[in-house]
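Colleague: Single-letter residue listing:
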Amino acid sequence: DTGVSQNPRHKITKRGQNVTFRCDPISEHNRLYWYRQTLGQGPEFLTYFQNEAQLEKSRLLSDRFSAERPKGSFSTLEIQRTEQGDSAMYLCASSLDTYQPQHFGDGTRLSIL
Amino acid sequence: EDQVTQSPEALRLQEGESSSLNCSYTVSGLRGLFWYRQDPGKGPEFLFTLYSAGEEKEKERLKATLTKKESFLHITAPKPEDSATYLCAVQGFGDDYKLSFGAGTTVTVRA
Numbered sequence: 002d003t004g005v006s007q008n009p010r011h012k013i014t015k016r017g018q019n020v021t022f023r024c025d026p027i028s029e030h031n032r033l034y035w036y037r038q039t040l041g042q043g044p045e046f047l048t049y050f051q052n053e054a055q056l057e058k059s060r061l062l063s064d065r066f067s068a069e070r071p072k073g074s075f076s077t078l079e080i081q082r083t084e085q086g087d088s089a090m091y092l093c094a095s096s097l098d099t100y101q102p103q104h105f106g107d108g109t110r111l112s113i114l
Numbered sequence: 008e009d010q011v012t013q014s015p016e017a018l019r020l021q022e023g024e025s026s027s028l029n030c031s032y033t034v035s036g037l038r039g040l041f042w043y044r045q046d047p048g049k050g051p052e053f054l055f056t057l058y059s060a061g062e063e064k065e066k067e068r069l070k071a072t073l074t075k076k077e078s079f080l081h082i083t084a085p086k087p088e089d090s091a092t093y094l095c096a097v098q099g100f101g102d103d104y105k106l107s108f109g110a111g112t113t114v115t116v117r118a
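Chains A and B are the protein sequences, given in the same order. In this text, residue positions in the first sequence follow our numbering: the first is 2, and each later residue adds one. In this text, residue positions in the second sequence follow our numbering: the first is 8, and each later residue adds one.
Honestly, the hints are just simulated from the structure, not real lab data. Each statement offered as a hint is correct.
Calculated cross-link-like contacts (lysine-lysine; reagent style DSS-like; alpha-carbon spacing at most 27 Å): (1) K49(B) to K58(A); (2) K49(B) to K12(A); (3) K86(B) to K49(B); (4) K15(A) to K49(B); (5) K12(A) to K72(A); (6) K49(B) to K64(B); (7) K66(B) to K76(B); (8) K70(B) to K49(B); (9) K86(B) to K66(B).
For clarity, every value in this text was computed on a predicted model and none was experimentally measured.
Next up, chain B with everything else stripped away, as it sits in the complex (with noise of 0.2 Å):
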């Protein structure tokens, strides 16, 4: 069974303050690996979707890397809008009708 397991759960940041958030996965065979922004009482918000070792994408100040077995998230230079849940998500070859999550990492961001 795929697993996505995220670290770390919480991460609080200064304005301006650069970090990363991981994503480390195992699945029979990577379709594509999905980042996605929750804000509170609300649903994910896509973002990017990384299909092999080496790929990268970007929006703003999110960056998005893929190996063979984990995923890194950067934000740099945040504002306290970047403020959110960020989920990482798996779709297997075998089963390439879900998704499965992490529990995701809440990033918070002061000014």
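If we strip away everything but chain A, and leave its shape as in the complex, we get (with noise of 0.2 Å):
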């Protein structure tokens, strides 16, 4: 039973580069979600994906953010121009349909040099 998977799973980089993060969604879910954890806090949504289609975006993902989901498969998030108060664990989840829980993948751990 393979979960959700990301990666990488640690992200260093210095301030002003771009990165790109990926995530592979448990097989036949339809639904794809972005959460964003600072230390000490909960998640925060970011956006999710309907199949290929980006149903909705959180006002905290700003221009420098984007999200694809080509073809309805794996996702991908960038960060252009990443700035120190993007270091954050950057989550994914999948489900098979609003009826489901959300199942989440162990994160990519961004932090800005």
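Each of the two chains sits in its own frame; use the hints to bring them together as a complex.
Modeller: Dropping the structure here:
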């Protein structure tokens, strides 16, 4: 039983650089979600996809952030011109549909130098 | 906007010492309340979904209950392996695509 897979697990980069994260959801899960979690806080919703369509974006998702889910399979989250405030754990989750619980991956921890 | 408040922030227990965690919420139309467990450096692991007041769910030493304004996670006779952060989240009918999380309760169980 393969769960949600995220790569890389850790990313260290300099301020101003671009970074890209990948998420592979549980097979056959139609919905895919991105959350951000900072130390001592619960995850905060960023965006979600129903198959390949991006249906909702949080106001937390500035124009430096972009997410894709080509062909409704894996997803990528890109951050351009990274800032110190982008340091966080980026979590991906997937669910079969709106009635099923969301299952999370182990996240990508981003550190901005 | 949906709001979730968890208390206490941290809980230190002796092995076998039962206790409860609280999750208070405000949401315009509760679709579901979720409990997750999160270990350090890992993603949240799904535990329970509760849909209506009066509902209860159990798994090993954990039992979750739900009222119209709050949920409790009871830990009975905890063991050191129950040490983790427990997160509560709500999903409303108006925005059923997202979970709104509390900050969590970090539980430490000493042998």
